[in-house]
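Residues per chain, in single letters:
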Amino acid sequence: MIQMTGVRSDLMEFFDTKKHWGERDVKVGRAWKIDELRLKSNEDLHKLWYVLLKEKNMLLTMEHDAKEECRPFANPERIDKVEESMNHLEEVVKERNRAYFLLETGTSGERTGEEFENWLGLPEYRQHEEYPVPKEQNKEWYKAQEEIPTSSDYEKKKFYSMLRVKQRKDARKGISAQRASVHETLKNFPDTDLETLRETAPDLTPVEFDKIVERVRSTNWENNEIPREIKMWNGQFVRRRQMTWKKKYGH
Amino acid sequence: MPNYLPREVKRRRVRFTTNRPWSAEFEKQNQFSHRNRVYVQPIKNWLFFKGDRVEVLHGRDKGKQGLITQVIQERNWVIVGGLNWHFRYIGKGEDTRGMLVRSEAPLLVTNQVSLVDPSDDKLTKVEWRYTEEGEPVRVSLRTGRIIPLPFAAEETHDYKDPTSYLENESKDTKAADVEAITFDPSLKTFEMEIMEVMDIKEDRVPKKSYFY
Amino acid sequence: MSSRLYPLYQKGNPQLRVFLPNFFMKLLRPTSNQPPNQVKFIVSNGMSKYDVENYLDKIYDVKVAHVSCHLQQGHTKASTKGYIIKDDDFKVAYVTLPKGATFAFPDIYPEQKEEEETSEREKTIKQIEHSFEELKKRNKNRPDVPGWFTI
Numbered sequence: 001m002i003q004m005t006g007v008r009s010d011l012m013e014f015f016d017t018k019k020h021w022g023e024r025d026v027k028v029g030r031a032w033k034i035d036e037l038r039l040k041s042n043e044d045l046h047k048l049w050y051v052l053l054k055e056k057n058m059l060l061t062m063e064h065d066a067k068e069e070c071r072p073f074a075n076p077e078r079i080d081k082v083e084e085s086m087n088h089l090e091e092v093v094k095e096r097n098r099a100y101f102l103l104e105t106g107t108s109g110e111r112t113g114e115e116f117e118n119w120l121g122l123p124e125y126r127q128h129e130e131y132p133v134p135k136e137q138n139k140e141w142y143k144a145q146e147e148i149p150t151s152s153d154y155e156k157k158k159f160y161s162m163l164r165v166k167q168r169k170d171a172r173k174g175i176s177a178q179r180a181s182v183h184e185t186l187k188n189f190p191d192t193d194l195e196t197l198r199e200t201a202p203d204l205t206p207v208e209f210d211k212i213v214e215r216v217r218s219t220n221w222e223n224n225e226i227p228r229e230i231k232m233w234n235g236q237f238v239r240r241r242q243m244t245w246k247k248k249y250g251h
Numbered sequence: 001m002p003n004y005l006p007r008e009v010k011r012r013r014v015r016f017t018t019n020r021p022w023s024a025e026f027e028k029q030n031q032f033s034h035r036n037r038v039y040v041q042p043i044k045n046w047l048f049f050k051g052d053r054v055e056v057l058h059g060r061d062k063g064k065q066g067l068i069t070q071v072i073q074e075r076n077w078v079i080v081g082g083l084n085w086h087f088r089y090i091g092k093g094e095d096t097r098g099m100l101v102r103s104e105a106p107l108l109v110t111n112q113v114s115l116v117d118p119s120d121d122k123l124t125k126v127e128w129r130y131t132e133e134g135e136p137v138r139v140s141l142r143t144g145r146i147i148p149l150p151f152a153a154e155e156t157h158d159y160k161d162p163t164s165y166l167e168n169e170s171k172d173t174k175a176a177d178v179e180a181i182t183f184d185p186s187l188k189t190f191e192m193e194i195m196e197v198m199d200i201k202e203d204r205v206p207k208k209s210y211f212y
Numbered sequence: 001m002s003s004r005l006y007p008l009y010q011k012g013n014p015q016l017r018v019f020l021p022n023f024f025m026k027l028l029r030p031t032s033n034q035p036p037n038q039v040k041f042i043v044s045n046g047m048s049k050y051d052v053e054n055y056l057d058k059i060y061d062v063k064v065a066h067v068s069c070h071l072q073q074g075h076t077k078a079s080t081k082g083y084i085i086k087d088d089d090f091k092v093a094y095v096t097l098p099k100g101a102t103f104a105f106p107d108i109y110p111e112q113k114e115e116e117e118t119s120e121r122e123k124t125i126k127q128i129e130h131s132f133e134e135l136k137k138r139n140k141n142r143p144d145v146p147g148w149f150t151i
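If you're matching them up, the sequences are chains A, B and C in order. First residue of the first sequence? That's 1 in the numbering used here, and the numbers climb one at a time after it. First residue of the second sequence? That's 1 in the numbering used here, and the numbers climb one at a time after it. First residue of the third sequence? That's 1 in the numbering used here, and the numbers climb one at a time after it.
No lab work stands behind these hints, which were simulated from the structure alone. Be aware that a few hints might be false.
As the list claims (entries may be wrong) - Below, a sample of chain A positions facing chain C; criterion: calculated Cβ distance under 8 Å: (1) F15; (2) G22; (3) H46; (4) Y50; (5) L60; (6) V93; (7) R111; (8) Y125; (9) P132; (10) Y154; (11) E155.
As the list claims (entries may be wrong) - Result set (BS3-like, lysine-lysine): computed pairs, CA atoms no more than 27 Å apart in a straight line: (12) C:K11 / A:K67; (13) C:K11 / B:K208; (14) B:K188 / A:K47; (15) B:K160 / A:K27; (16) A:K18 / B:K171; (17) A:K18 / C:K137; (18) B:K201 / C:K58; (19) A:K94 / B:K201; (20) A:K211 / B:K44; (21) C:K40 / B:K10.
Unchecked claim - From chain B, some residues computed to sit far from chain C (all C-beta separations above 12 Å): (22) T69; (23) I79; (24) V116; (25) T156; (26) A175.
Glycine is no exception: its CB is placed at the ideal position from the N, C-alpha and C atoms.
The shape of chain A in the complex, shown without the other chains:
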């Protein structure tokens, strides 16, 4: 079912067809969709994988050479298309294998893992490793466990308190950025839809949001500019720039 471009078994398969050499534009179709690959048998998928792999090698070769020789490489998005279809293909294969294992053994058949507390006291995920003997008989494993750095409860507590300070600081930064963005967008675009604007600032409370809206709408931005001229004590109007000491007295 997969179209083959004349079976060449040669190192020349690392290069594009002769027609496309030195071309500026090579038009190709889109990547394989995952729903299309679900229709195909395992044998077809296996064949298609090698077609895609060879195409990818060819494109990488051509791209590398074009870069070395300072030439344009026609349609670099072809590499993305091939990689996308390869990812889709692998996903379909995983899906089928998972279904088989769930039917036969009740597990997904993939490598298991667990969440544990690391030496800083933070939760971390670890994938299980494969060993020939069970844990109880594995002296080396226990030895390796002892070498992992540990920390006392006091140290963990101290680390946690400092971490919390940092997290709170980051959260506050995020909130103030959101507050600024709501303020500025409303100032620049007074007729913004408030509900969509509220969605862009999820960390602000409704009361706080309404306060900002009220503040922006109550100020008259047209008259709020910094005045260019300032009235002096003797009733004279002086330009702001002339006020600087250096310009007036020359030192």
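Based on the hints, put chains B and C in the right spot on chain A.
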């Protein structure tokens, strides 16, 4: 080999411009971080597409109608073909006069441009609604007419519209081959089926191993 | 296959088979002192020389006499802003073909197509120059009229 910590130095926020994000001009514009942040008005349902007829409400071409040639959604921008030109000199010096270059300036979707009703070519407010079949359509609020999506909205780098795409004989798979169903479900893993097809026999039983 | 993790080796286990290999190989232009029966590749960092041999034999049907690999460090350079930029490491493989077999790197950029492109470019430049001179001729006898004014 110097000691180094693996870390990626990158701009956190990019400023989108009329240049494409993958182009060298875009990279050059984003080199320096001292430019002010741009605040964009959030829009819930996007209404403007390439090929739409719009009326310009702002600038030197106020009141004129044109077709959208480019949509830059990150900045709520739209570029209308042949309208709202701006001019600048390239390579202007004391001795040289420079060259006058013109390009279309972008227009804001929110208040500088408006969609046009196809029945009377006058501007309207537009909304997304659903037909009885459940398809989303744009409806003119003044006359209740449907504003169909333009053909140019489907244009990509590879084709003007999907029906006119010419297949690359040496690269593309035929449509009939893509649609053909060859999947035959069986109680086997991928590896088992391939081994059967390729006539590989494996009698060795894997030894027990433990995961922890 | 579901996970791409390498299984534990135990004696007497079934042979390890890779059904969907995700290694890549790219063929490079030969360096100056490379014999004609040797081909240079950049391969995935995880590949051993036996992997390279099997890859070429099974997928491309190319018989191989000898393979030598080495991992090459990425280029480092100091930036002006006080940090170091380092490219990724990559693996280079030199593959020697069996006796009698040679490989010549093809000429991917044919001269004929290039000439066509350059001639087209020159043609358009000439056209633009010609039209500009014609535009200048129109206002030659009217020095007080600006350049864009033509009837």
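Verification of the supplied hints:
Taken as an interface hint, A:F15 checks out: its beta carbon lies about 6 Å from the nearest beta carbon of chain C, inside 8 Å. Nearest Cβ of chain C to the Cβ of A:G22: about 4 Å, under the 8 Å cut. The hint holds. Interface hint at A:H46: satisfied, since its Cβ lies 7 Å from the closest Cβ of chain C, which is below the 8 Å cut-off. For the restraint placing A:Y50 at the interface with chain C, the shortest Cβ-Cβ distance is roughly 6 Å, inside the 8 Å limit, so the hint holds.
The closest approach between the C-beta of A:L60 and any C-beta of chain C is roughly 4 Å, which is under the 8 Å cut-off, so the hint is satisfied. Interface restraint check for A:V93: the shortest CB-CB distance to chain C comes to about 7 Å, inside 8 Å, so the restraint holds. The beta carbon of A:R111 comes within 5 Å of a beta carbon in chain C, closer than 8 Å, and the hint placing it at the interface holds. At a threshold of 8 Å, the smallest CB-CB gap from A:Y125 to chain C is about 15 Å, leaving the interface hint violated.
With its C-beta approaching chain C no nearer than about 6 Å, A:P132 sits inside the 8 Å limit, and its interface hint holds. This hint is violated: A:Y154 has a C-beta 36 Å from the nearest C-beta of chain C, more than the 8 Å allowed. A hinted interface residue such as A:E155 counts as satisfied when its beta carbon comes closer than 8 Å to some beta carbon of chain C; here the least separation is about 32 Å, so the hint is violated. For a cut-off of 27 Å, the pair hint linking C:K11 to A:K67 is broken: about 46 Å separates their Cα positions.
Restraint check: the Cα-Cα separation between C:K11 and B:K208 comes to about 12 Å, which is no more than 27 Å; the hinted pair holds. At roughly 18 Å between alpha-carbon atoms, B:K188 and A:K47 fall within 27 Å of each other, so this suggested pair holds. Distance check on the hinted pair: B:K160 and A:K27 sit about 12 Å apart at the alpha-carbon level, within 27 Å; holds. Taken as a hint, the A:K18 and B:K171 pair is honoured in the structure, with Cα atoms around 13 Å apart against an allowance of 27 Å.
Between A:K18 and C:K137 the alpha-carbon distance is near 48 Å, which puts this suggested pair outside the 27 Å criterion. The straight-line distance between the Cα atoms of B:K201 and C:K58 is roughly 18 Å, inside the 27 Å bound, and the hint therefore holds. For the hint pairing A:K94 with B:K201, the CA-to-CA distance comes to about 23 Å; that is within 27 Å, so the pair holds. At roughly 23 Å between alpha-carbon atoms, A:K211 and B:K44 fall within 27 Å of each other, so this suggested pair holds.
A C-alpha spacing of about 34 Å is found between C:K40 and B:K10, which places the hinted pair above 27 Å, so the restraint is violated. B:T69, annotated as away from the interface, keeps every beta carbon of chain C farther than 12 Å; the closest lies near 23 Å. Interface exclusion of B:I79 from chain C stands, the closest Cβ pair being 25 Å apart, more than 12 Å. At the 12 Å boundary, the C-beta of B:V116 stays outside the reach of chain C, the nearest C-beta of that chain being 32 Å off.
For B:T156, the condition that its CB be more than 12 Å from all CB atoms of chain C holds, with the nearest at approximately 25 Å. No Cβ of chain C comes within 12 Å of the Cβ of B:A175; the nearest lies about 25 Å off, and the non-interface call holds.
Violation of the numbered hints given earlier is confined to hints 8, 10, 11, 12, 17 and 21; the remaining hints are satisfied by the structure.
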